[in-house]
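Sequence lines, in order, name chains Y and C.
Per this note's numbering, the very first residue in the first sequence carries number 2; after that it's consecutive.
Per this note's numbering, the very first residue in the second sequence carries number 2; after that it's consecutive.
Rather than coming from a laboratory, the hints here were simulated on the basis of the structure.
Keep in mind it's a predicted model, so treat the numbers as computed, not measured.
Some clues are possibly wrong.
Because identical chains share one entry, a pair is satisfied inside a single copy or across any pair of copies.
[As the list claims (entries may be wrong)] Capping the alpha-carbon separation at 30 Å, the derived lysine-lysine pairs in DSS-like fashion look like this:
# : residue 1 : residue 2
1 : 281       : 493
2 : 328       : 281
3 : 72        : 60
4 : 60        : 139
5 : 139       : 281
6 : 328       : 60
7 : 281       : 72
8 : 493       : 60
Number of protein chains: 2
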Amino acid sequence: MTDQLLNERELDFLLYELLDTTALLQRPRYAEHDRAVFDATLQTARGIAAEYFAPHNQKGDQQEPTFDGEKVRLIPETRRAWNAFAEAGFLAAHHDCADGGLQLPEVILRASMAYFNAANIATVAYSFLTIGAANLVKSFADDSLRQRFLPAMLDGRFSGTMALTEPGQGSALGDLRTSARPAADGSYRLFGQKMFISGGDHDLTENIVHMVLARIESAPAGTRGISLFLVPKFLADRTRNDVALAGLLHKMGYRNTTSTVLNFGERDGAVGYLVGEPNKGLAYMFQMMNEARIGVALGASVLAYQSFIHALDYARERPQGRLPGAKDPLVPQVRIVEHVDVRRMLLQQKVYAEGSLALCLYASSLFEDAHTAESADERQAAADLLDLLIPMVKSYPSRYGVIASDIGIQVLGGSGYIREYPLEQYYRDNRLNPIHEGTEGIHGLDLLGRKLDQRDGAGYRQFLALVRTSIDAARDDATCAPLAHALGAALKLLEQATAALREQVAADANLGLANATAYLDLFGRVLVGWLWLRMALIASRALQTGATGGEADFYRGKLQAARYFMDWELAPIEAQARLLINGNRLSHDMQDRWF
Amino acid sequence: MTDQLLNERELDFLLYELLDTTALLQRPRYAEHDRAVFDATLQTARGIAAEYFAPHNQKGDQQEPTFDGEKVRLIPETRRAWNAFAEAGFLAAHHDCADGGLQLPEVILRASMAYFNAANIATVAYSFLTIGAANLVKSFADDSLRQRFLPAMLDGRFSGTMALTEPGQGSALGDLRTSARPAADGSYRLFGQKMFISGGDHDLTENIVHMVLARIESAPAGTRGISLFLVPKFLADRTRNDVALAGLLHKMGYRNTTSTVLNFGERDGAVGYLVGEPNKGLAYMFQMMNEARIGVALGASVLAYQSFIHALDYARERPQGRLPGAKDPLVPQVRIVEHVDVRRMLLQQKVYAEGSLALCLYASSLFEDAHTAESADERQAAADLLDLLIPMVKSYPSRYGVIASDIGIQVLGGSGYIREYPLEQYYRDNRLNPIHEGTEGIHGLDLLGRKLDQRDGAGYRQFLALVRTSIDAARDDATCAPLAHALGAALKLLEQATAALREQVAADANLGLANATAYLDLFGRVLVGWLWLRMALIASRALQTGATGGEADFYRGKLQAARYFMDWELAPIEAQARLLINGNRLSHDMQDRWF
Chain Y
2 MTDQLLNERE
12 LDFLLYELLD
22 TTALLQRPRY
32 AEHDRAVFDA
42 TLQTARGIAA
52 EYFAPHNQKG
62 DQQEPTFDGE
72 KVRLIPETRR
82 AWNAFAEAGF
92 LAAHHDCADG
102 GLQLPEVILR
112 ASMAYFNAAN
122 IATVAYSFLT
132 IGAANLVKSF
142 ADDSLRQRFL
152 PAMLDGRFSG
162 TMALTEPGQG
172 SALGDLRTSA
182 RPAADGSYRL
192 FGQKMFISGG
202 DHDLTENIVH
212 MVLARIESAP
222 AGTRGISLFL
232 VPKFLADRTR
242 NDVALAGLLH
252 KMGYRNTTST
262 VLNFGERDGA
272 VGYLVGEPNK
282 GLAYMFQMMN
292 EARIGVALGA
302 SVLAYQSFIH
312 ALDYARERPQ
322 GRLPGAKDPL
332 VPQVRIVEHV
342 DVRRMLLQQK
352 VYAEGSLALC
362 LYASSLFEDA
372 HTAESADERQ
382 AAADLLDLLI
392 PMVKSYPSRY
402 GVIASDIGIQ
412 VLGGSGYIRE
422 YPLEQYYRDN
432 RLNPIHEGTE
442 GIHGLDLLGR
452 KLDQRDGAGY
462 RQFLALVRTS
472 IDAARDDATC
482 APLAHALGAA
492 LKLLEQATAA
502 LREQVAADAN
512 LGLANATAYL
522 DLFGRVLVGW
532 LWLRMALIAS
542 RALQTGATGG
552 EADFYRGKLQ
562 AARYFMDWEL
572 APIEAQARLL
582 INGNRLSHDM
592 QDRWF
Chain C
2 MTDQLLNERE
12 LDFLLYELLD
22 TTALLQRPRY
32 AEHDRAVFDA
42 TLQTARGIAA
52 EYFAPHNQKG
62 DQQEPTFDGE
72 KVRLIPETRR
82 AWNAFAEAGF
92 LAAHHDCADG
102 GLQLPEVILR
112 ASMAYFNAAN
122 IATVAYSFLT
132 IGAANLVKSF
142 ADDSLRQRFL
152 PAMLDGRFSG
162 TMALTEPGQG
172 SALGDLRTSA
182 RPAADGSYRL
192 FGQKMFISGG
202 DHDLTENIVH
212 MVLARIESAP
222 AGTRGISLFL
232 VPKFLADRTR
242 NDVALAGLLH
252 KMGYRNTTST
262 VLNFGERDGA
272 VGYLVGEPNK
282 GLAYMFQMMN
292 EARIGVALGA
302 SVLAYQSFIH
312 ALDYARERPQ
322 GRLPGAKDPL
332 VPQVRIVEHV
342 DVRRMLLQQK
352 VYAEGSLALC
362 LYASSLFEDA
372 HTAESADERQ
382 AAADLLDLLI
392 PMVKSYPSRY
402 GVIASDIGIQ
412 VLGGSGYIRE
422 YPLEQYYRDN
432 RLNPIHEGTE
442 GIHGLDLLGR
452 KLDQRDGAGY
462 RQFLALVRTS
472 IDAARDDATC
482 APLAHALGAA
492 LKLLEQATAA
502 LREQVAADAN
512 LGLANATAYL
522 DLFGRVLVGW
532 LWLRMALIAS
542 RALQTGATGG
552 EADFYRGKLQ
562 AARYFMDWEL
572 APIEAQARLL
582 INGNRLSHDM
592 QDRWF
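Start from the sequences, fold in the hints, and give me the full structure.
Dropping the structure here:
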């Protein structure tokens with residue numbers, strides 16, 4: 002069984018051939034760095050992931066956190082991993098040097114995070130959540146709050162959570178009921194219950210900083226009356242705040258991450274500090290959404306990739322059966338990678354895993370550009386495009402990544418189904434990703450009902466132009482021309498579907514949005530198809546300019562995967578597009594009582 | 002949370018409207034029965050399933066069997082369930098009255114089994130395996146063996162296993178290495194290791210009867226040298242046979258079924274008795290395959306159905322969000338079944354679950370006809386058709402049933418992902434079904450490489466004729482005509498793909514079989530599409546002849562589901578068919594070193 006984490010050649014390809022990550026060194030923010038710093042960062046991540054995270058991935062699954070009514074206990078390896086991550090500076094790596102950070106670009110840090118996800122996604126979740134919570138504190142808290150909490154969150158003494166969901170509401174945040182009552186000292190007292198709070202309790206850190214959405218008494222109903230509070234587990238005098246763990250939830254996977262029900266204000270109210278202005282909580286959260294969604298999608302991509310690596314490793318080792326037409330039982334069995342159908346499964350995993358990883362790193366580069374590109378126009382363009390693409394960036398890897406993990410089980414057969422091999426855990430862990438940070442249903446509505454026409458459709462027009470540019474470039478390459486042709490046909494279908502759906506939504510919102518999830522999927526396939534075309538063109542050029550040996554194999558694999566994507570993943574959107582264009586009403590018209 | 006097991010109205014529809022199960026009462030074998038006996042059998046199954054199986058479904062998952070080096074322990078509820086099943090006569094229900102059975106038809110027993118699968122698929126697996134092992138003993142063992150073992154297997158004192166797989170081979174049975182040495186007393190001594198043997202050890206019964214495939218020393222290599230042996234755990238003198246439990250495997254689901262590694266002959270050889278003639282073991286097993294495969298598919302269908310029931314129940318109870326265009330936060334939230342995308346997921350579950358269940362019961366009716374239809378021609382025709390369809394009967398419910406279980410998780414969102422709700426267990430249990438009794442890869446090869454042209458293509462021709470007859474009938478019904486049209490187009494694509502693939506296989510077997518799994522999927526969709534057309538026609542006629550109230554709703558649901566299937570499940574085969582017709586080479590040409 003392999004202990005490989007991701008694939009360095011693949012990451013190099015994505016960072017430096019598909020994306021132009023070294024170009025970031027030209028930007029003032031990264032002028033002190035060089036390519037060696039980027040590479041050293043990735044190597045450090047890989048080393049810590051291998052040493053501190055991977056070894057207890059299975060143990061954390063099998064010995065999940067327990068709560069004895071007093072304390073939550075995690076296996077001790079979790080804390081050592083947390084410490085190693087913090088000591089290497091990864092909690093603060095994207096922050097300014099002046100704030101104790103490493104001032105590293107987003108895309109390098111995402112790629113670093115990929116190693117941790119590959120090694121142990123449940124353990125690194127505590128870090129992932131803390132980074133998100135710290136970003137909120139940094140961006141929106143006042144100086145005094147920031148000084149009290151941020152340094153400890155950046156050096157690993159405090160961890161963080163995002164406390165949004167309640168038992169009565171999940172996706173519909175506007176209906177949350179946790180309330181906040183102003184106290185005489187300018188702080189607030191919070192009352193309510195939060196659910197599915199990851200990392201909501203544990204013994205890893207001195208303190209836990211909950212970023213809590215709540216409604217100030219007498220605030221407007223709905224989304225416009227939600228404020229953001231910082232609610233620490235321990236108060237300044239080291240006494241317990243009025244935040245109690247009601248219990249742990251028992252997940253299918255991601256088991257070493259505690260999933261908690263938290264009661265705020267069982268006694269006289271949990272002390273909370275308003276972050277930013279009142280009633281802007283949801284707006285603040287949404288400003289962090291893109292990062293969180295790329296992060297979830299990256300986790301899904303990486304688990305897909307690990308499933309692929311393990312399936313490939315098994316397929317190369319395991320002898321079984323003979324090829325059709327060679328049934329002589331005295332001839333040795335072949336390794337299962339020699340069976341065409343096994344290669345079909347591996348190809349399917351490869352297009353999902355590598356396509357998803359490419360998508361996440363591409364999205365990270367847009368995120369980077371939106372913040373550090375030279376001109377305001379470039380920054381705006383990157384922000385527009387990223388906003389448009391986020392629904393697919395979140396959904397495609399979550400959906401197809403899980404399928405890649407599922408296929409990994411199938412390649413191993415019976416061995417894939419038992420806990421003696423890691424495949425079934427990858428599946429169980431990965432299955433969370435289509436749920437949190439927005440389901441496909443939510444993202445479909447967001448795409449078709451909001452993102453598509455945001456800023457007058459600027460992101461969408463930009464996307465079309467980018468795809469057309471790639472198609473034009475690939476048309477001149479004999480190897481890639483058929484792929485460009487396939488993508489061109491798909492793009493046309495996407496445009497037709499988009500035009501038709503815009504009219505349908507305008508005529509009747511509920512009916513027009515009825516097939517938004519199918520539209521999201523169609524858009525996602527075109528988007529990933531575009532990345533595969535770009536990867537194919539790079540590969541084709543590398544082969545033309547003399548790549549040999551293992552390098553040539555690598556590029557041939559990219560080309561074959563791109564072809565596979567166009568034939569088996571992109572061509573089928575035609576039927577889907579037709580249903581969208583014709584405004585299929587079936588789900589809309591279905592009645593509850595007919596089920 | 003509902004405790005509903007299946008849906009009686011649905012089973013009635015399948016047994017008495019889609020299938021003509023009462024017609025079986027005309028056959029001499031069932032002349033003593035009447036419809037009331039069939040119904041009472043189903044009610045008994047439902048009652049025992051609810052009382053003895055369902056209550057420990059979750060407990061058996063959470064407290065899986067343990068092995069302390071001496072004994073395997075199961076939770077005690079398992080034995081009570083085993084006893085209740087046996088005492089009600091279900092182990093022997095299909096056997097002749099003269100042999101202590103109930104002489105009940107296959108399709109009624111499958112429907113009964115559906116209740117047990119719905120309640121607790123892991124616990125009833127011991128019974129399922131025992132029924133299969135007893136069938137082998139009954140069909141192929143000589144009188145003396147049969148008298149020694151069969152009565153105890155039919156009344157529940159002994160249980161049975163199927164011991165085929167070894168660590169070195171899974172799908173490729175021809176390479177198994179367990180050996181059998183003739184002993185002086187006419188019995189054999191077996192040496193070797195078997196793996197993934199379900200029910201291979203436990204404390205439920207006095208004895209365990211292993212049906213073991215092994216190779217008699219000096220037998221020919223490959224599949225033609227495999228014999229079938231009966232190897233009891235305890236010998237006649239109540240001493241332990243030389244069969245040792247090497248250990249338990251730890252599955253993702255189906256946890257209350259032990260999965261074992263068994264060592265035969267650690268000392269002087271496990272005593273085994275040859276069943277039937279030497280070197281015919283695989284042939285015997287294959288005669289039992291159709292039953293076993295329908296049984297696995299039924300389990301998959303039923304878990305899909307339970308996932309559907311629970312998702313529907315949740316969707317009807319859970320308030321969340323508001324419809325597009327009705328965003329006033331003071332208006333109450335709607336139940337999530339009112340969101341179109343949730344109904345889309347439920348419709349998808351419905352077409353998979355009900356379509357799969359219909360397929361399994363239809364296959365059972367063919368199995369019945371193959372054995373008890375009046376004329377030899379009818380029996381042969383049913384056998385031909387069943388043989389052809391078995392790859393799809395096994396694969397479609399296994400594949401799409403798992404997707405239905407997966408969607409069930411998604412409908413519940415975070416609640417679907419935690420063990421506090423049953424959805425994630427349904428998924429984990431169901432995920433075994435695409436693996437055992439032949440993966441899709443195996444069935445694709447079986448279909449395209451063997452079944453299609455078996456008996457000169459008689460089964461395939463029969464299938465085409467049956468589908469055409471249904472299409473012709475539905476064309477005259479205004480409601481169903483568009484569905485008939487859609488199925489007609491799909492059938493044409495299937496025929497074109499079949500013709501093209503036959504040529505491709507003849508030209509180059511390995512290349513021609515390269516996309517056999519995609520062909521299997523295409524065929525499966527057409528097959529299930531045909532069943533949906535038939536169900537739609539029944540529904541349409543019922544509505545025309547005045548069904549009202551809940552009955553009308555039931556039939557409208559069938560119609561809507563049939564439409565959904567044609568649009569969203571059947572129409573997309575066009576792209577797939579094109580790739581097959583054009584002989585897509587991508588997986589075939591992919592090289593190991595390019596991955």
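(message) Taking the earlier hints as the rules, which of them does this structure contradict?
(response) Hints 1, 4, 6, 7 and 8 are the ones this structure does not satisfy, whereas the remaining hints hold.
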